[in-house]
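Next come the chains, spelled out residue by residue.
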Amino acid sequence: MQKKWHFRMTPVRAVLLCLSLLAVVLAVYRLVFGLGSATNLNDRWPWGLWIGFDVLTGVALAGGGYSTCLLVHVLRINKFKPIVRSAMLTSLIGYLLVMGGLFLDIGRWFNFWAPFVSWGYHSVLFEVFWCVSIYTLIQTLEFGEIATEKVGRSWHGFFKKIMPVLFIVGIVLPTLHQSSLGSLYVIEVGKLYPLWWSMLLPLFFLMSSFFVGPAMVVVETTLAGKAHGHQVETSVLQSLVKVSGSVMLVYLILKIADLFYRHKAGLVLAGNFEGYMFLLEMLAGIIIPLIICFTPGLRSTKGGLLAFSLLVVAGVIINRMNVVFTGMSRYMGGSYFPSFIEWAVSIGLISAGVLAYLFIVENFNILSEEPRVKEIAH
Amino acid sequence: MAKSVLVDITKCVGCGSCAVACKLWNSLKWDQSKPVNGEKAETSAENWTVVRLHQVPKEREKVWRFTKQQCLHCEEPACASACFARAIVKTEQGPVIYRASLCVGCRYCMLACPFEIPKYEWDKVFPQVHKCQMCPERIENGESPACVAACPTGALKYGERSLLLQEARRCLSSNSNYIKHIYGEKEAGGTSWLYISDTDFAALGFRTGVTSRPLPDYTYSILKLTPAVALGWGAVLTGLYAYNRRRKEIAGETKEKKREKR
Chain L
2 MQKKWHFRMT
12 PVRAVLLCLS
22 LLAVVLAVYR
32 LVFGLGSATN
42 LNDRWPWGLW
52 IGFDVLTGVA
62 LAGGGYSTCL
72 LVHVLRINKF
82 KPIVRSAMLT
92 SLIGYLLVMG
102 GLFLDIGRWF
112 NFWAPFVSWG
122 YHSVLFEVFW
132 CVSIYTLIQT
142 LEFGEIATEK
152 VGRSWHGFFK
162 KIMPVLFIVG
172 IVLPTLHQSS
182 LGSLYVIEVG
192 KLYPLWWSML
202 LPLFFLMSSF
212 FVGPAMVVVE
222 TTLAGKAHGH
232 QVETSVLQSL
242 VKVSGSVMLV
252 YLILKIADLF
262 YRHKAGLVLA
272 GNFEGYMFLL
282 EMLAGIIIPL
292 IICFTPGLRS
302 TKGGLLAFSL
312 LVVAGVIINR
322 MNVVFTGMSR
332 YMGGSYFPSF
342 IEWAVSIGLI
352 SAGVLAYLFI
362 VENFNILSEE
372 PRVKEIAH
Chain W
1205 MAKSVLVDIT
1215 KCVGCGSCAV
1225 ACKLWNSLKW
1235 DQSKPVNGEK
1245 AETSAENWTV
1255 VRLHQVPKER
1265 EKVWRFTKQQ
1275 CLHCEEPACA
1285 SACFARAIVK
1295 TEQGPVIYRA
1305 SLCVGCRYCM
1315 LACPFEIPKY
1325 EWDKVFPQVH
1335 KCQMCPERIE
1345 NGESPACVAA
1355 CPTGALKYGE
1365 RSLLLQEARR
1375 CLSSNSNYIK
1385 HIYGEKEAGG
1395 TSWLYISDTD
1405 FAALGFRTGV
1415 TSRPLPDYTY
1425 SILKLTPAVA
1435 LGWGAVLTGL
1445 YAYNRRRKEI
1455 AGETKEKKRE
1465 KR
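One line per chain: the protein sequences are L and W, in this order. First residue of the first sequence: 2, per the numbering used here; consecutive thereafter. First residue of the second sequence: 1205, per the numbering used here; consecutive thereafter.
It should be emphasised that the hints constitute simulated quantities derived from the structure, not laboratory data. This structure is a prediction, so every number in the text was calculated from the model and none was measured. Heads up, some of the hints might be wrong.
[As the list claims (entries may be wrong)] Not the full set, but computed from the structure, chain L residues with beta-carbon under 10 Å of chain W:
1. H74
2. L76
3. G153
4. F338
[As the list claims (entries may be wrong)] Within a straight-line C-alpha distance of at most 30 Å, the following computed DSBU-like cross-link-like pairs (lysine-lysine) qualify:
5. K1459(W) - K80(L)
6. K80(L) - K1465(W)
7. K192(L) - K1262(W)
8. K1384(W) - K192(L)
9. K162(L) - K1452(W)
10. K1238(W) - K192(L)
Ideal Cβ placement from N, Cα and C applies to all residues, glycine included.
Given the sequences, and given the hints that come with them, work out the whole structure.
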């Protein structure tokens, strides 16, 4: 039985480890001394970097798990199999980080369990909270199938049996809460700038979390290719990107139709900060990637695929930041810029995620679909 | 029945008695740097109500007007609908109250409120959300809120919402001095606090153009789809899963048969 754990230390990993440890120390400081002393949040800006980036953006970027799960396990498109484990692992780690970020952001953390017993079911946040909690649990169980290949092997059969149920519940839940994250801002009617406020916000959040999934997979695969020599055929990634592009095209059409329907299209060219940010989001994050996606000569190259993916990821980050900050600032007034602690904790969380990913990839069978009988000698 | 307060801005002299009464009744801290009346008065975690001085134009001259600010206690409060732990609820008698024992501290109520009312104790380790509670214990005992009881000029009137609305309408129609608008009648679906004024509400710092549709309606119209989406999408996925598995099995069988034939 192979039970040896190994973790190769490199200079980059040492830096990541330091950043993670710093974040742990600062997180403890925040829990002991309160939100006010650790962050720059204030009455005008009650939500800042931790909610905007760690939670709203984090959940979207971690969406690669459910989209790939849908393609591989439900639709059974076999050519996507080589990436499914890696995509779902990244998603799991992403959600654990989101839970961590969320826990740090709540002011009365000793009460975190309250919504489990005191049901504010009319709140969008209630749905988000329940779905994200259960989905993280589901993803942990899904990982059980991989984990039991190495530890607790007697449980492997059990996990194999329950996988179909987990897959389906594990697609329904993200569908609900990815859209609910958009619904959170529906109540900002008259406050969120009209370029972003729409009754379709939940649909826009859902669709963007779906099409950013493949982009994240391409980014991860490129990095994994460098770090672990795991190569995925370009043709596989190309097909994946095409799936992403089709959803993006529908998203773009809906977005334009929605602006005209609400008579707000003129605001795009209003020449103000909001207008420019909206243009940046749409041009860099949607239109240029679409051109790459539907031009075979660009899509078929590694560079083209990577450019597409980086732009789409950046586009979704810009979109979430626009909803949380750009679109709200005119109404909210005042000022907010994340404190050193807020930055350091966010960066530290990501570093910890990368380290966890590397550790699991090197100790479990993630990158190749067939179970590895013999460990590669290191 | 739902209790309300009608504020007649023309009668307020800005004495600040209401704000003092609020501090005393609710044992709120005094902070010299955060005045409860005057030009710089702002609601905060310790200032549940303030009287703000405005210099506004009226018939070619500038006049002083005082606006008492506090939670408006919406008929259908966005903050309560946003709270996922039911830490904020509206009582039958009208007040929208906060229960710290259930509060997680997510601050979504602060974002949801259309009037920027809930404030946070940023300097505390375990901060609470603070805002006017409309003195629910006093109302239960048949008394008016502390601020109303302290008002020396009759600018604040306490009573049934429907009766106060009638009275407000009577004022507006009998006295041409008033602006023809009762602030709070329709804003955010209606609020328990109602205002009448002889000068423009926007100039007095009121948020105008607030939707008259209750805010919880917006999210609820989406949220109510959840069970249908969950069940429908779950059924579709289950169907697709079964179909595709069967298809793969059949594909496997035919391959085997072909091999056997050879």
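Ascending list of hint numbers which this structure does not respect:
3 and 4
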